[in-house]
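Model the placement of chains A, D, Y and F on the given structure of chain G, informed by the hints.
Chains as they are written, first to last, in our numbering: chain G, 67 to 420; chain A, 67 to 420; chain D, 67 to 420; chain Y, 67 to 420; chain F, 67 to 420.
Everything labelled a hint here was simulated from the structure, so no lab data went into it.
Note that identical chains are pooled: a pair holds if it fits in a single copy or bridges any two copies.
Below are the DSBU-like pairs computed for lysine-lysine, each with C-alpha atoms no more than 30 Å apart in a straight line:
id : residue 1 : residue 2
1  : Lys361    : Lys417
2  : Lys314    : Lys232
3  : Lys275    : Lys361
4  : Lys144    : Lys227
5  : Lys416    : Lys275
6  : Lys144    : Lys314
7  : Lys275    : Lys188
8  : Lys275    : Lys417
9  : Lys256    : Lys275
Next come the chains, spelled out residue by residue.
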Amino acid sequence: MTRSNKKMSKTARLIPGALVYVGEKKTEKVRITIIDYNETQFQEKEVKTIEECFPFKETPTVTWINIDGIHDVALIEKVGKQFDLHPLVLEDILNTEQRPKYEDFESHVFIVLKMIMFDENKNDISSEQVSLLLGANFVISFQETEGDVFEPVRDRLRNAKGRIRKMGADFLAYALLDTIIDSYYLILEKMGEKIEEMGEELMSNPTPKTLQAIHNLKRDTILLRKSVWPLREVINSLGRGEPKLIKKTTHIFLRDAYDHAVQVIDTIETFRDIVSGMLDIYLSSVSNRMNEVMKLLTIFAVIFIPLTFMTGIYGMNFKFMPELDWKWGYFTLLGVMAVVVIVMLCYFKKKKWI
Amino acid sequence: MTRSNKKMSKTARLIPGALVYVGEKKTEKVRITIIDYNETQFQEKEVKTIEECFPFKETPTVTWINIDGIHDVALIEKVGKQFDLHPLVLEDILNTEQRPKYEDFESHVFIVLKMIMFDENKNDISSEQVSLLLGANFVISFQETEGDVFEPVRDRLRNAKGRIRKMGADFLAYALLDTIIDSYYLILEKMGEKIEEMGEELMSNPTPKTLQAIHNLKRDTILLRKSVWPLREVINSLGRGEPKLIKKTTHIFLRDAYDHAVQVIDTIETFRDIVSGMLDIYLSSVSNRMNEVMKLLTIFAVIFIPLTFMTGIYGMNFKFMPELDWKWGYFTLLGVMAVVVIVMLCYFKKKKWI
Amino acid sequence: MTRSNKKMSKTARLIPGALVYVGEKKTEKVRITIIDYNETQFQEKEVKTIEECFPFKETPTVTWINIDGIHDVALIEKVGKQFDLHPLVLEDILNTEQRPKYEDFESHVFIVLKMIMFDENKNDISSEQVSLLLGANFVISFQETEGDVFEPVRDRLRNAKGRIRKMGADFLAYALLDTIIDSYYLILEKMGEKIEEMGEELMSNPTPKTLQAIHNLKRDTILLRKSVWPLREVINSLGRGEPKLIKKTTHIFLRDAYDHAVQVIDTIETFRDIVSGMLDIYLSSVSNRMNEVMKLLTIFAVIFIPLTFMTGIYGMNFKFMPELDWKWGYFTLLGVMAVVVIVMLCYFKKKKWI
Amino acid sequence: MTRSNKKMSKTARLIPGALVYVGEKKTEKVRITIIDYNETQFQEKEVKTIEECFPFKETPTVTWINIDGIHDVALIEKVGKQFDLHPLVLEDILNTEQRPKYEDFESHVFIVLKMIMFDENKNDISSEQVSLLLGANFVISFQETEGDVFEPVRDRLRNAKGRIRKMGADFLAYALLDTIIDSYYLILEKMGEKIEEMGEELMSNPTPKTLQAIHNLKRDTILLRKSVWPLREVINSLGRGEPKLIKKTTHIFLRDAYDHAVQVIDTIETFRDIVSGMLDIYLSSVSNRMNEVMKLLTIFAVIFIPLTFMTGIYGMNFKFMPELDWKWGYFTLLGVMAVVVIVMLCYFKKKKWI
Amino acid sequence: MTRSNKKMSKTARLIPGALVYVGEKKTEKVRITIIDYNETQFQEKEVKTIEECFPFKETPTVTWINIDGIHDVALIEKVGKQFDLHPLVLEDILNTEQRPKYEDFESHVFIVLKMIMFDENKNDISSEQVSLLLGANFVISFQETEGDVFEPVRDRLRNAKGRIRKMGADFLAYALLDTIIDSYYLILEKMGEKIEEMGEELMSNPTPKTLQAIHNLKRDTILLRKSVWPLREVINSLGRGEPKLIKKTTHIFLRDAYDHAVQVIDTIETFRDIVSGMLDIYLSSVSNRMNEVMKLLTIFAVIFIPLTFMTGIYGMNFKFMPELDWKWGYFTLLGVMAVVVIVMLCYFKKKKWI
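For reference, chain G alone in the conformation it holds in the complex (with noise of 0.2 Å):
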């Protein structure tokens, strides 16, 4: 909550047109790869500055330019002014804030999205803006930190796998968009191996702080779905062709793209239909439990009242108590007793209780 809110304020104190990096303080250098390729040649490189990118701009092949680090506002407004970018554009890259969504310009498309990462340390998922800039040749990704969930791609452009070589700079595109919602996939193993624990520890041993746990995998299906929705809208429009960067024989990736993303809402939506259950549940074996505690009092009380008065009627000190002074009083009275239980137990028997 807190770091996300601090951010917002400083978003609230940006001024429209200036360049503020929105996020955590950062700086380390921030790392420039470049990949460029076409069917038959393949280039892979770290560069210390910006400005060795941008002669790949000219050249045919294409070319995939990876930055991790955005907090460099310098770096940014060096690329925008390269590539013609709008300012607003390079205000949505910095602002990490934003929601999946995509904007066209006819020179080049501008996509932002969400990566999420299990942290194995925390136990917790943290997401992350990927900024992607797709032109007629070229593909800019934007991220905040190093470490990425691209590495496949990177692999078949390596080994020249699949089809994606002799393709241009939207199947790139296309490429990136996909291993990011299959890396959602992931998560939602993640999620799924911690709602079924949940769901053994519920049966076994709730507590509140299943309660607080049930509750905080709640919040994380709300986080992802924030992340899928408007990126399934964004894939959409992209494979309808509404981009005419995009070309025709990547639109039907781009709906198998959809496809994914429409199959990780559904499974996101099934996770919080059974999270809602599991709160009925244990609000209900809490109430059980409150339940057999009560009949345990129930049991004890009802039948130990009794026999305790009769303890007390005789010792009770009347002068005049006759059965006082009978022989077998005292056996007939614990008699009378073990009588009582016993039509006691078999109430309780026939109830179910014990």
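Okay, now just chains A, D, Y and F, sitting in the frame of chain G:
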């Protein structure tokens, strides 16, 4: 859950463009059957290799190739090559986690469906993906395992019952679709029986297990719903004549199938409402029982606590307690106690507790 | 539930293209009545065989053929042949689990409706399917059993009341539709009365049976809703003049019927809201009673537990207990007890428990 | 409820085409008033018979005929004949259970509305149907009973305030519509006050009556909502200029009225949210009180049960019980008891129960 | 609540066409400031009378007239006359209960907005209506009171930062809109902080006050939502270029503002989900505490009730009770009691109650 998640992670590692079977590992031989017919002739045989099917592609008769088992990726690839299928179609056939959809490629229509079966042993429902490939004069159906609901269609083909032998491949595709929808009715019937049992159990003896069973039922309705909702849309689109391969005479039949799908959805929604109502009744009956327990406890406590107090009074050892010396003190006290009990009982009677 | 499910499984075994009656087995004779009229003449008779009806098809007068009982499949097939009906229409007539819909075949319009009747004996509502077949100058109505709500229409035809005798078959179809909608008002009235009774019971003496009754009521509203919602759409489409058989002068009447259907839906929604509110009140009154029980228990326990403790003190057999020897010890203690009781009562008074 | 249902059953027995008044029987005389005006002249009078109104139909001035009481069916029929109204319009005027709607007949527009009034005596809201008939230069308004919210409009007409006297009959119809919407604000104000009272009662002393009152409030919001939602649609359609009788200059005023209707709906929705929140608070405060009761019981029981046990120990009559003979045995025990009490109290203090 | 309702009743008494200020009575002087600029020149001054503003209307420079205080109806009327505004626009400016909307009059566009501010003193949010009037080369803004969120815009104008001085009045209007949306982020930040505090309080020590606070938070989200939802639509329409006064270069900026509005709505929805989850946790923690209380009571009762019964047995005064005469009777009994206690404790241990 588990099984479903395992699949997901496999999908996540998929490389777009490379065919990988997504599902449980299987080693059984894939079973291929061919039914070839027109109005006058009919032929049905099981073949060893997929190549034996290819000649039928050219004949003017309608050919139905049924493939049980999709774990043999090489086989699927051969089909793809022979029938000129888009790579993504092959991927979709192998990815058994698809949601129902259809894809129109001028020369063929690709339809994904869910076949839902009730497993009497596990007393649970299981779902299997069926892919249909409709060409000008052939239908290819891909199933995950042997055993399906298509026997009535085969019977009609064998016996030339109804109009099926007189019509084209699109009508065969419709017949298969319709048979799957009809099979949902069987599932609904099973669920209806379960709901009824549950309802009686709920009245007679609700336990936490009942709650769990209600939630399982709810989950089943969700699963069914996820299969039928998109199917409805698929049939609607087919019935509106979007793919040209579907002839006009088949439209009215598809509209009829659409009506059935809507009817299934209606019944599912009704089941959901009933199951939700059951949850309410369960919770209320639990709190009602607690009430009953509390009442019993209170009746005993309220009657005996004052009586025990009285015995306590006369069990004290004060030197000077005039009542102790009265001749009829003891019996007077017993009388007073009886009066107290009667008053209490009248009070509870008035409150309708007993 | 049961009856409905039985039907479903029968449907599931249906072979598309083969006519099978879906519903309870019946052996009664099918009853066929004909009403033939125009502005000047009127004829009403009951016929033995369906063939007697066929000559009326050619006359210019409007003919209303009413068929009570659809279990005679052969008869339905004859009608189908004579009036040139699509096989799926015949199937729909026989399948009594249809949802309201209409189907436009140039030469005739097929409408499926639900007639809902209140069974005074069972104190429950039951629904029956009515199929209307509207041709150029005839209407054929198919009902499951004898007994319907169409008597007012017959009366108007007999007495030439209103405009009905002057208008065509489409107006007759409208009149039948409208009569069915009007009959829903009667059901709503019955439900309104039940809701009121329930509301009073809820205030005076809520029991688990009340809860069950509320849920039955809720189920009835769901059933009614399922019949009326699609009906609304049917009437809307008819009123927008989609089938050409419906003349323009009838449109305004259909729009009026549409308004009534919307009114019925509105009332149903209100009933649902009220019934939901009743569930809340029930649950709250149950927890309120528990509260009352607890208060009673607590008052008794809190008053008598300290008193009993005091008697325990002076019931001990210590050799040296000075109070026991005081002359007024006993009465002092009784006084102390009285003070304790008064203090307690004041406390409870202040808390508004008594 | 009851009254509304009575009406329904009457409607159910209605014969389409025959005029029957639906509503409470009344015997009062129908009151007819005429206001006739143009920019320069103004005339207001009460007439005895409806026939006196007919000459005004032909004059070029705008005429507003207001009819209080619609139980005189003959009168309504005369109006219908004179102004050439469709029979269904007359039926709608008499059927006081209509939902807001409008019907456009080239020569006149028929509008049905709900006027909602707060009855100070019953402390409840009641609704009355108002039908407006807008012609080229006349407006006829039909009300169920005398007494309405139109006085401000009459005042403006009399005093020639604002633009109303300069504009046509369509502006008059708008003014009447707008006045009705304005009157909803008064109802909302009353409801707002009630909600506030309720909120305070909820905090200070919630009783089952409070719950009942909250539910009544909820029912009122539902009733109001049912009147305003369709009205919104009516005004929207009128404002989009669908009926030709509404002139372009009036459109902007209707759009303004539309904004007001939306504002009313917004407030109703807010009230619904608040009332739902109140239900939550009620339920929670009830369970909170139960908690408090339980705590009190538990404190007393947990403190005194062990003490009473101790007195029980030394009340036993064993021959050999050394403690009984100790000189300070009694006082030692009292000391031990005091320690137990203190320990308990500290425990409860730590738990924040006391 | 109260204040809002007071306003409503005033609105209700409004006469359409007559201007009445709706809001709290105020006597302060209305403050009018003018900013007049183009790319090269800039002028900012405060004027005494509205007439001083009128000459600016004719100049080709962009003029922003800001009016703080709308209770001076005469002033508003003068503006209306001078700028040729529709009377309903003036009414809307004065009616501070408008929902966000825009109205396009060829020569000017009228926009109503809600400015939401966080009052640190009251620790609550308050809302103020802002009306914008956009003409060819002027913007007039009407605010209820002094103090606004527009300072950043003024700064940019003064310092000629960004593109704002180079662009027309439509960009100024956009800048004002955008600043208001940005200010919502600040409110969201405050609410996020509150939610976090609440979440911690919920875990550590939930009281009925916490519940009240959660409900207040919920009400705030509702209020915010009511302001932002319609605003989103307004901006969307403006951005689609519906009013001709908005130039094409501004569209992309409005689309950006639209994205921000959607982001705000997303966050509000997330807050609502979290707050709903909090209610669940609150209710569950209350019932959990009750459970704990019950357990304590039950542990004590179940342990001591049988022990006390035993002491009662040997406190009886029967003549013949052999155990009483045993030498080790007393200690044997104490041993038996110890065993009972140990057994009980083990039982509770096993049940995880202690």
